[in-house]
Amino acid sequence: MTQAASLLEVRDLVVEFRTLEGVVHAVNGVSFRIRAGETLGIVGESGCGKSVSALSVLRLIPQPPGKIVSGRVDFDGRDLLQLPKAEMQAVRGRAIGMVFQDPMTCLNPVLTVGRQISETMTVHLGLGREEARRQTLSLLEMVGIPTPELRCDDYPHHFSGGMRQRAMIAMALSCDPKLLIADEPTTALDVTIQSQILELVKRQRDRRNMAVIWISHDLSVIAELADRVVVMYAGFIVEEADVFKLYREPRHPYTQALLDSIPHMDTAGPEELRVIPGSPPDAMSLPPGCPFAPRCTFAFDRCQRENPPLSSAGRDHTAACWVVAAKRKPP
Amino acid sequence: MSEAQIAIPVLKERLQRPPLTPGQLSWHRFLRHRMALVGAGLLVALVLYVLAGAAFFSEADANHVDLSSTLRGPSAEHPFGTDLAGRDILARTIYGGQISILIGVLAVVLSVVIGVLVGAAAGYFGGAVDNLLMRFTEAMFNIPQMFLLIILAKFFGVEAPSFTLFGRTFSGSVVVIVSVIGLTSWMYLARIVRSSFLSLKEQEFVTAARATGATDSSIIFGHILPSAIAPIIVSATLEVANAILYEAYISFLGMGVQPPTATWGNMLNEAYSKLEVAPWMWFFPGTLILLIVLAINFVGDGLRDAFDPRSLGGRSK
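Heads up: the sequence lines are chains B and C, in that order.
Numbering-wise (our numbering), the first sequence opens with residue 213 and increments by one.
Numbering-wise (our numbering), the second sequence opens with residue 116 and increments by one.
FYI, nobody ran anything at the bench for these hints, they're computed from the structure.
Ideal placement from N, C-alpha and C gives every residue a C-beta, glycine not left out.
Incorrect hints may appear among the rest.
[To be verified] If the Cβ cut is set under 8 Å, some of the chain C residues that face chain B in the computed set are:
1) 320
2) 322
3) 323
4) 324
5) 325
6) 326
7) 329
8) 338
9) 341
[What the hints assert, rightly or not] Listed below are the simulated SDA-like cross-link pairs for lysine to any residue, each with C-alpha atoms no more than 25 Å apart in a straight line:
10) B:390 to B:284
11) C:316 to B:296
12) B:390 to C:330
13) B:279 to C:243
14) C:316 to B:411
15) C:316 to B:298
16) B:297 to C:244
17) B:279 to C:287
18) B:297 to C:315
19) B:279 to B:223
20) B:539 to B:511
21) B:297 to C:412
22) B:390 to B:435
23) B:457 to B:517
24) B:279 to B:290
25) B:297 to B:274
26) C:316 to B:275
27) B:457 to B:296
28) C:316 to B:539
29) B:297 to C:142
30) C:316 to B:513
31) C:316 to B:258
32) C:316 to B:229
33) C:316 to B:221
34) B:279 to C:331
35) B:297 to C:287
36) C:316 to B:316
37) B:279 to C:168
38) B:297 to C:236
39) B:279 to C:247
40) C:316 to B:302
Construct the complete structure from the given sequences, taking the supplied hints into account.
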């Protein structure tokens, strides 16, 4: 196991949303780390806490009702959760760039695209107006916007969805961040645009040796891009492994079920789509045991009582499952 | 070769006809609003009247007392007649109009500044800040505005020293009236701004802006305020009409701008004692107040429709 220094290390992150109906346990003790230049995929279905985890890294969850209850987010040797507001603002957009899910709503409709991109650079790099504009044009060119000098002064509604996402990426990359957090950036786009965006991010990542956290519910997108994958379920990390290992030999029953539910074109004859029966637990009242136990075909009585911790399931491979833990026990 | 031939016409067309900005769209809608155009025309005419009129009459003319020709009706020499001190009413409506419009605009600038700051802070920060500011706003709402105006004008107005600016001497009461009107009419705007901010700050583009490291003030003024500008412009425009009316009210009650500085309001005050004998004394300033208030309201209505994208091609084509 190579112990290169982590760029980002999230430890025991707990995030809650205190609503009128009760406390929503969105993230329940999540830990992951990412080295410089590495790409970490976070997968899970809607509401599993993957976006909240990512937003918490930048302290962008709305507080209230959200609250980061405990944990650490060490980035470049500092705990981001303890930083004063001004220093946190200096990290956002500078050392950590972020791309959001819906490019239709993430650009300000009343400001030109060029202004929104150049603002980041004037804030963090102290560029003058003209220099920022020059940089903006080359960024737009880089992300593949044709005739940037014409499109720079356009408003977001003049852009298509794919172009807006390119503009968002240009904005996130403008200050040459060490880490890019991409929160389902291709989910709102159609498939051809999706692969173009993937290519774009890959190319920029390799050129800049930038670390990427790529959040998605789409396992095939993750497979294209990630070095390591974290699988989340109900606010817990249930499995973490190298991307090849995870796809070849998933250990956690949830990951297995998730991979099984991917439809395949090559199977002969009509086949029903395989789904995971049941639905994820209510984040307001999590079961005492393993959160996946109610839907798990392997569950036994211990699973209902105790939540399994992440334990080793092979080299560089961990899973939170009593079945896996039992198998690994020395005889 | 063929590629270049295809690309160039597309490029040309884009250069010739760039897509309309939201501002341009609003402008087109405004131009299709007939009442707004009438109002705008009237407003321009009135502003021209008070500005261009200064080329024909000096301020000394407006304040020139001629006791040999008091209370004359309209004639060739005095088209609008003369007042109790024999001053020319035409010249006084011109200089009075300048002051009235100036007071209206400055008072609204002040109330917009206060209203935007209070509303933006309350809406953006929420919580205790919101609570405090909004309770204060409600408290201000609960005091009748006329009452507050009169008290403040009476308290500060009479003693204010005159001052000279741009070669003109202004009665100190002008500043007092501007402040008094501005300080008592920002509450409605604060509420509008607050509600815009409450909904806009939940938009994803605000989170995205925060993710780029934007500070609170740059988010408030650079990202949210531009989206909230339309209702602010509309209500500020309508508020100018109100401010002109308020000035007229307190000046009519004798607590506003002090003579000899004329305003349309204090001209009415002087006319009050000769209501039946010298109707020209109230007719001309009164009509001007009526016209400008109407014109501003038409323009404000037009702006409201112009900024509302749903009114595209609506009424008054």
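Checked hints:
Hint on residue 320 of chain C holds. Least Cβ distance to chain B is approximately 4 Å, under the 8 Å limit. The criterion of a C-beta within 8 Å of any C-beta in chain B is met by residue 322 of chain C, whose closest approach is roughly 6 Å, and the hint holds. For residue 323 of chain C, the suggested interface contact is upheld, since its CB lies about 4 Å from the closest CB of chain B, less than 8 Å. Hint status for residue 324 of chain C relative to chain B: holds, with the closest Cβ pair at about 7 Å, below 8 Å.
Interface hint at residue 325 of chain C: satisfied, since its Cβ lies 6 Å from the closest Cβ of chain B, which is below the 8 Å cut-off. The interface hint given for residue 326 of chain C is met, as the beta carbon of that residue sits about 4 Å from the closest beta carbon of chain B, less than 8 Å. Because the beta carbon of residue 329 of chain C sits about 7 Å from the nearest beta carbon in chain B, less than 8 Å, this interface hint is met. Interface hint status for residue 338 of chain C: upheld, as the beta-carbon distance to the closest one in chain B is roughly 5 Å, under 8 Å.
Using the Cβ-Cβ criterion of 8 Å, the hint placing residue 341 of chain C at the interface with chain B is satisfied: the shortest such distance is roughly 5 Å. Pair hint residue 390 of chain B plus residue 284 of chain B holds up; C-alpha atoms about 19 Å apart against a cutoff of 25 Å. The hinted pair formed by residue 316 of chain C and residue 296 of chain B meets the criterion: a straight-line CA distance of about 22 Å does not exceed 25 Å. Our distance criterion of 25 Å between C-alpha atoms is met by residue 390 of chain B and residue 330 of chain C, whose separation comes to about 21 Å.
A C-alpha spacing of about 18 Å is found between residue 279 of chain B and residue 243 of chain C, which places the hinted pair at or below 25 Å, so the restraint holds. Restraint check for residue 316 of chain C and residue 411 of chain B: not satisfied, since their Cα atoms lie roughly 33 Å apart, outside the 25 Å limit. Proximity of residue 316 of chain C to residue 298 of chain B is assessed by CA-CA distance (about 19 Å); at most 25 Å being required, the pair is judged to hold. Note on residue 297 of chain B and residue 244 of chain C: the hinted pairing holds, with a Cα-Cα distance of about 18 Å set against a maximum of 25 Å.
Taken as a hint, the residue 279 of chain B and residue 287 of chain C pair is broken in the structure, with Cα atoms around 54 Å apart against an allowance of 25 Å. Of the supplied pair hints, the one linking residue 297 of chain B and residue 315 of chain C holds, its CA atoms being roughly 22 Å apart against a limit of 25 Å. With a C-alpha separation of about 16 Å, the suggested pairing of residue 279 of chain B with residue 223 of chain B holds against the 25 Å cut-off. Taking the CA atoms of residue 539 of chain B and residue 511 of chain B, the gap is about 14 Å. The hint holds against a cut of 25 Å.
In summary, the hint linking residue 297 of chain B to residue 412 of chain C is not supported, as the alpha carbons are separated by about 45 Å, beyond the 25 Å threshold. Distance hint between residue 390 of chain B and residue 435 of chain B is fulfilled; the C-alpha atoms sit about 22 Å from each other, no more than 25 Å. With a C-alpha separation of about 29 Å, the suggested pairing of residue 457 of chain B with residue 517 of chain B is violated against the 25 Å cut-off. Restraint check for residue 279 of chain B and residue 290 of chain B: the C-alpha separation of about 20 Å stays at or below 25 Å, so the hint holds.
Taken as a hint, the residue 297 of chain B and residue 274 of chain B pair is honoured in the structure, with Cα atoms around 14 Å apart against an allowance of 25 Å. Note on residue 316 of chain C and residue 275 of chain B: the hinted pairing holds, with a Cα-Cα distance of about 13 Å set against a maximum of 25 Å. Of the pairs offered as hints, the one joining residue 457 of chain B and residue 296 of chain B is violated, with about 40 Å between alpha carbons and a cut-off of 25 Å exceeded. A distance of roughly 51 Å separates the Cα atoms of residue 316 of chain C and residue 539 of chain B; the hinted pair therefore is violated under the 25 Å criterion.
At roughly 41 Å between alpha-carbon atoms, residue 297 of chain B and residue 142 of chain C are farther apart than 25 Å, so this suggested pair is violated. Using a Cα cut-off of 25 Å, the hinted pair residue 316 of chain C and residue 513 of chain B is violated, with the two alpha carbons roughly 47 Å apart. In summary, the hint linking residue 316 of chain C to residue 258 of chain B is supported, as the alpha carbons are separated by about 24 Å, within the 25 Å threshold. Only pairs whose Cα atoms come within 25 Å are accepted, and residue 316 of chain C paired with residue 229 of chain B is accepted, the gap being roughly 18 Å.
Using a Cα cut-off of 25 Å, the hinted pair residue 316 of chain C and residue 221 of chain B is violated, with the two alpha carbons roughly 30 Å apart. Note on residue 279 of chain B and residue 331 of chain C: the hinted pairing holds, with a Cα-Cα distance of about 20 Å set against a maximum of 25 Å. Distance restraint check for residue 297 of chain B and residue 287 of chain C: the Cα-Cα separation of roughly 45 Å exceeds the 25 Å cut-off, and the hinted pair is therefore not satisfied. A distance of roughly 16 Å separates the Cα atoms of residue 316 of chain C and residue 316 of chain B; the hinted pair therefore holds under the 25 Å criterion.
Of the supplied pair hints, the one linking residue 279 of chain B and residue 168 of chain C is violated, its CA atoms being roughly 64 Å apart against a limit of 25 Å. A C-alpha spacing of about 18 Å is found between residue 297 of chain B and residue 236 of chain C, which places the hinted pair at or below 25 Å, so the restraint holds. For the given pair, residue 279 of chain B sits about 24 Å from residue 247 of chain C by alpha-carbon distance, which is consistent with the 25 Å threshold. Taken as a hint, the residue 316 of chain C and residue 302 of chain B pair is honoured in the structure, with Cα atoms around 21 Å apart against an allowance of 25 Å.
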